[in-house]
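Chemist: Chain residues, written in single-letter form:
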Amino acid sequence: MSEILTKIDIITRPINFEKFKAELAKIGVSGITVSDVKGTSLQKGYIETYRGVNRENSLHDRIKIEIVVCEVPVQDVVDVTRKFLSTGKPGDGKIFIYELANVVKISTGAEGYDALKDEK
Amino acid sequence: MSEILTKIDIITRPINFEKFKAELAKIGVSGITVSDVKGTSLQKGYIETYRGVNRENSLHDRIKIEIVVCEVPVQDVVDVTRKFLSTGKPGDGKIFIYELANVVKISTGAEGYDALKDEK
Amino acid sequence: MSEILTKIDIITRPINFEKFKAELAKIGVSGITVSDVKGTSLQKGYIETYRGVNRENSLHDRIKIEIVVCEVPVQDVVDVTRKFLSTGKPGDGKIFIYELANVVKISTGAEGYDALKDEK
Amino acid sequence: MQLADSVFMFVATMLVWLMTPGIALFYGGMVRSKNVLSTAMHSYMPMAVISLLWVVIGYSLAFSPGNTFIGGLDWVGLKGVGFEPGPYSDTIPHSLFMLFQMTFAVLTVSIIAGGIAERMKFSAFLIFSILWSLFVYAPVAHWVWGGGWLHAIGTIDFAGGNVVHISSGVADLVLAIMLGKRKESANSSPHNLPLTFLGASLIWFGWYGFNVGSALTLDEVAMNVFVNTVVAAAAGIIGWLVVENMINKKPTMLGAVSGALAGLVAITPACGFVTPSASIIIGLIGGALCFWAIFSLKSKLGYDDALDAFGLHGIGGTWGGVATGLFATTSVNAGGADGLFYGDASLLWKSLVAIIATYIFVAVVTFIIAKITSMFVPLRVNEEDESVGLDISLHGEKAYHESI
Amino acid sequence: MQLADSVFMFVATMLVWLMTPGIALFYGGMVRSKNVLSTAMHSYMPMAVISLLWVVIGYSLAFSPGNTFIGGLDWVGLKGVGFEPGPYSDTIPHSLFMLFQMTFAVLTVSIIAGGIAERMKFSAFLIFSILWSLFVYAPVAHWVWGGGWLHAIGTIDFAGGNVVHISSGVADLVLAIMLGKRKESANSSPHNLPLTFLGASLIWFGWYGFNVGSALTLDEVAMNVFVNTVVAAAAGIIGWLVVENMINKKPTMLGAVSGALAGLVAITPACGFVTPSASIIIGLIGGALCFWAIFSLKSKLGYDDALDAFGLHGIGGTWGGVATGLFATTSVNAGGADGLFYGDASLLWKSLVAIIATYIFVAVVTFIIAKITSMFVPLRVNEEDESVGLDISLHGEKAYHESI
Amino acid sequence: MQLADSVFMFVATMLVWLMTPGIALFYGGMVRSKNVLSTAMHSYMPMAVISLLWVVIGYSLAFSPGNTFIGGLDWVGLKGVGFEPGPYSDTIPHSLFMLFQMTFAVLTVSIIAGGIAERMKFSAFLIFSILWSLFVYAPVAHWVWGGGWLHAIGTIDFAGGNVVHISSGVADLVLAIMLGKRKESANSSPHNLPLTFLGASLIWFGWYGFNVGSALTLDEVAMNVFVNTVVAAAAGIIGWLVVENMINKKPTMLGAVSGALAGLVAITPACGFVTPSASIIIGLIGGALCFWAIFSLKSKLGYDDALDAFGLHGIGGTWGGVATGLFATTSVNAGGADGLFYGDASLLWKSLVAIIATYIFVAVVTFIIAKITSMFVPLRVNEEDESVGLDISLHGEKAYHESI
Ligand SMILES: Nc1ncnc2c1ncn2[C@@H]1O[C@H](COP(=O)(O)OP(=O)(O)O)[C@@H](O)[C@H]1O
Ligand SMILES: Nc1ncnc2c1ncn2[C@@H]1O[C@H](COP(=O)(O)OP(=O)(O)O)[C@@H](O)[C@H]1O
Ligand SMILES: Nc1ncnc2c1ncn2[C@@H]1O[C@H](COP(=O)(O)OP(=O)(O)O)[C@@H](O)[C@H]1O
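Residue numbers (full-length UniProt numbering), protein chains in the order written: chain A, 1 to 120; chain B, 1 to 120; chain C, 1 to 120; chain D, 1 to 404; chain E, 1 to 404; chain F, 1 to 404.
For the record, the hints were derived by calculation from the structure and aren't laboratory data. Values in this document were obtained by computation on a predicted structure and should not be read as measured data. Be aware that a few hints might be false.
[Said to hold, decoys possible] Counterexamples of contact, computed for chain A against chain C with all Cβ distances above 10 Å:
1) Ile4
2) Lys38
3) Lys44
4) Tyr46
5) His60
6) Glu71
7) Val72
8) Pro73
9) Leu85
[Said to hold, decoys possible] Derived pair list, reagent style EDC-like, types lysine to aspartate or glutamate, alpha-carbon separation capped at 20 Å:
10) C:Lys38 / F:Glu386
11) E:Lys183 / B:Asp92
12) A:Lys44 / D:Glu384
13) A:Lys89 / D:Glu384
14) C:Lys26 / B:Glu56
15) F:Lys183 / C:Glu18
16) B:Lys7 / C:Glu99
17) F:Lys250 / E:Glu384
18) F:Lys249 / B:Glu56
19) F:Lys249 / E:Glu386
20) B:Lys38 / C:Asp9
21) A:Lys7 / A:Glu111
22) C:Lys44 / F:Glu386
23) A:Lys38 / D:Asp385
24) C:Lys44 / A:Glu18
25) D:Lys249 / F:Asp385
26) A:Lys7 / B:Glu111
27) B:Lys117 / A:Asp9
28) B:Lys38 / C:Asp61
C-beta atoms are modelled at their ideal positions from N, C-alpha and C, and glycine is treated no differently.
With the rest of the complex left out, here is chain A:
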């Protein structure tokens, strides 16, 4: 197996994360990092109003899920994600895919494939 490392960023609505995580675990994803972000795209914004002053806000609450895989095929992650998250409505979000140069596990110093292949 070639040691290609890939990072997958999923930007989507806040979701029931525990369920999604379980799906990903099934296909072998060993770690996930999540953060709160704000996103804007073609959805229309909403109006906030404070004491009569209206302010347009086009930023919606989104979450960003970062997954680094080596062994696990990227397509599997994409498929699981689409199955779980696609509602067909705008705002379902995007998956961004990058190449990674290397991964190091801090505790052991293991690199690449080994860094991700946590001893289960």
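Since the structure of chain A is already known, use the hints to place chains B, C, D, E and F with the ligands on it.
Modeler: The following block gives chains B, C, D, E and F with the ligands in isolation, referenced to the frame of chain A:
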């Protein structure tokens, strides 16, 4: 048109985001992701003091703006950003530019250029 | 010196950031971006309970430290990080390493190596 | 007229008044951050709407002489409700009694907001609450305190177990069932527990005005009420935490404050009629029972009583009514009655009659009112508004803003 | 001496005392998170500085016999202000009256902090507030309550419409204009509305002490004040939300609490002289008018009254003064007067004189004091401090800390 | 019996009651967000546990006639503690006095929670607090107020400088030393200062009940106490901020509220015996001294008094005791004594005896109790629980939830 996908990370001070977004929309950027981060670099930190105990804090409030483009020339984004954000003072921030392997639109499964070319 | 730009993402527990920053400054790192994230991997989650309803939560508080380097050898950053952060227990975290296409300093427009080589 | 009594009732009124903002904060901390303002609004608007309604007609319907079922219209627009003492106390101004009771009427409606959180339309709740206050609160208050039939048959309810807690709890349950589950109910943790802690503390603080003030003076009965309220709340905390710790191995902060409220609800109807030792028992069982109701009953029956207003006020109030029938003794209050443990079973039956009648009446009329309301405006927000959060979608506001 | 009156005034003093921390929280929630502590400090420091000033000299200047314009120095350092009743009430200790009035003096200064938020220097505000309390608050209080000329010509101001609200509102406006706009004013949303909700609730709570306590006893007038205060606040909420909903299609939580305060400000001067029905009208119009002032006037005139202290207290207080001239009736308070609607136009003229005199005097003296202050220390922080936030730059603190 | 006194003491009891939730919020805001619920629980649980303990036996041990060292068992289970006035006041119900004192007993334990924050086990603190209340609080209260030896030798402590502040401060210090430093103490900034501000405001608010209420009526002494409390708190703020500003060049918000509390602690024992001018001096020095103790003493000695309960209550209380010996004068309270500055050195010696005896007794017994507790359950959580945070590890809750 070659399908080169590029991700642009802008790290800068908290700004009036709506205006900046409008500028980017003019050159065709179709989506943006923003998040709160803390940044440190050569600016000097500040002192916090709680009941007489001083604590140096060199982390400043920054925001990170992530933009993925395909059609839109990267240089345009850089230019617009510099025009809008440059004050000449330290802390204006940095633009980091990466290559992307692929993008998938979750709702439709469209990839690459098509994933970004939202139907307007 | 070849102008290879590298981005290093460190995901680890919340730590005494000021000390870590000082270590990195010693090897010449000129800027750092930090954010709060949640992470999950093989550590077991914890149970939250609200009025008798138990909810498993496998997301732990983590921080993400992003460092872009050019001059500074990546291995130095990895070494310093491992020395500072490794406790040998699960949850020490991972270092993800990416290639970067370019960096622009917003205030001056300097690119690549020059953008990072802040005038000290 | 006795000036010191008036001062005391001024203080008591202030204390009960504070419970309503307390409820708003208590509830607000328990929802997700996208619904905190909406939830607070549900509990806050009664301070505007029900207050005016009370002055215009509510007080008259509840307290003026009428028939056995509802009061008359003699005191509409506060006619005759002035500085002269009214029929309910010789020592304080009639208008002060009216204001004291106003805080109860307002509070009762604001409690209901617990079960409907995160999904009921603001306009629907407004309409509902006006109708409910007129057609449910006023009659039930009249039955118990205004000389109505529950008073006539000899039931006793010192500070409002039936009138305030059971009625709001049952109404809450009916609405929660009619509205259905929140889409993300499985996934919604309290967004700000310190806010909830603060709210709960204000509620407890106000409860001293609620219970002790119900004596309308600071006499021997009132002092007994004060002691009973203190110990029942304390025991409620312990009751809840002990059971919670047995089942979940963790004593929670939310459990502690909920236990205090459970103990307070439970002692409310009984506080003027029982001894401090009985109060400790009532509080302990109150805390344990409410935890059990929320932990087990709710998940078994499957309704989504979002913030457990039924679990606390309905169940706690029911237990309090039963407990009054068990523990009441004329030794602490000659104006009361003896309960089962003091040799007289009849009070327990009367309490049960009162409870059951209140359950049925409130459930039926609440249902009808909600149905009528839904003819004018849908009760529930649409899916998108719910997932965006009611703060933005209904009120155009966000509770918190970070730098971006 | 009447012990029950003393107890009542103790309670009222406590209630008004709580309004100042309430203001700090109310304002603190409305600014951005980088300025919350600075804003709270502006409202909190009067509790230290103005309290001491009051004891040393302020009370004497405001209330001791003097000329028609300002009090004398007889009561400097509380000389002669002891347990014996003073000239303002036979039934309570003079020192208690002094403390009750202290809470007003403190509160008035802390209200001003609304317009200057997010940009005024802490040290400048400290100096300003001491001078202002001596040279604006003390005389205006003397005019109205201390036997000064406004009292002499027969104007009436029950709980401080002129003294507290107009004067703080106008001072706030003058400072806001002198300071100029906040750099990011277009972009600054309230960072924590639940905090604002809490603050507003404490302010309302305290207002009962403010208005009812101004009767100095719990007599018939006081009870009427109590009812009026309740209904005016309720009506203020409705007035604001109705207009807001008409214009923006959203009833906001910030609007609801602002409306309550608008209603309370409006009823303040009138509360002892009008009927409850009039109070409802005064509150309704108060809520609607203040919304309009903030929504329309502010943006037209372009000043940056950051937290709308002028919009609420200045406009609301002005309307309250006018309303007193319209709705006052001796039928509710023999010590009052009849307004236009009860057949006497003169009270309205007197009210207008009082309002205009207060506007002019306060505006001029505030301007002078601010100019003098700016000779010692700049009024406004520099650009960098403003953009970093005053919490860090002036106080070396951050309100919130996350894990990093 | 005097109804107005009862009303006054009802109010005072309510005010002191509110201080305990105030402490929970005050402390809760100062810890990191992962420990806020745990910290609040430490301060909240005394409201359950110590309240019941007080009713059952604590009150009897502290106040019933016994020997010079501790009270007897006559009033166990409130036997004989009813509506009839007790030995401590002729004008209020005995049970009301008991409840007023209960709020002191509860508060004292909750103050201790400051030094142990972020690392003590919940169960250990529960056991500790029960034992401490019985074996430390009850005797010390008896010495001073229950007719014990400190009273016999003629020391005076108006509202509890020794009983409440020194004893809780010293206990806190002993526990802090026994527990050792928090692992991340160097790195832990207050997570929510507005919460701390709110808590501090509620504490100050309640303190008026604490000090003024200790007069048990609103007489001349009480009014002097009221004035003294106001000015000492104000002066405390100024004392702290001036010194802080000299040293750190920044006047902080946390400093301002801490200074108010320092001034309040310092005036507590003295408030009924000194003049307002003396109170200003006592407050100023109190604020300055507590800042110095926390700034300099703590870092020099190296103990980790997490939230500075010793720095505020221990140091402030000690200074207050000394100040009583210096400034007390029979001119303001015939029932008091003359201090050094009024020509009599003996009071100062008595104060020092009282302080030293309290320090030694509390330190020794606290140490023993903590050791005994640690036989049943470890005092400190393990490393992992500490680094995860006590909210999750001990209580299974998180204070705040964002969308993820
Ligand atoms: N070109 C882009 N660059 C960066 N972030 C993007 C881009 N397009 C979308 N996003 C992020 O993804 C989120 C969801 O994308 P969106 O376009 O709304 O979904 P959909 O494709 O389902 O319409 C956006 O809120 C934004 O945060
Ligand atoms: N080498 C770097 N790696 C990661 N982040 C950086 C780096 N350099 C700068 N940053 C981020 O960009 C922010 C702004 O950069 P800074 O150097 O302060 O701006 P300027 O270049 O205008 O002086 C920093 O606060 C930090 O978050
Ligand atoms: N494959 C992965 N993809 C994305 N994030 C990861 C991955 N593996 C780990 N992480 C992040 O790193 C954090 C620490 O990793 P973890 O595996 O717990 O450390 P360790 O390797 O020391 O056991 C996790 O909480 C998660 O946020």
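Chemist: Hint by hint, where does the structure go against what was stated? Just the numbers, ascending.
Modeler: No hint contradicted; all consistent.
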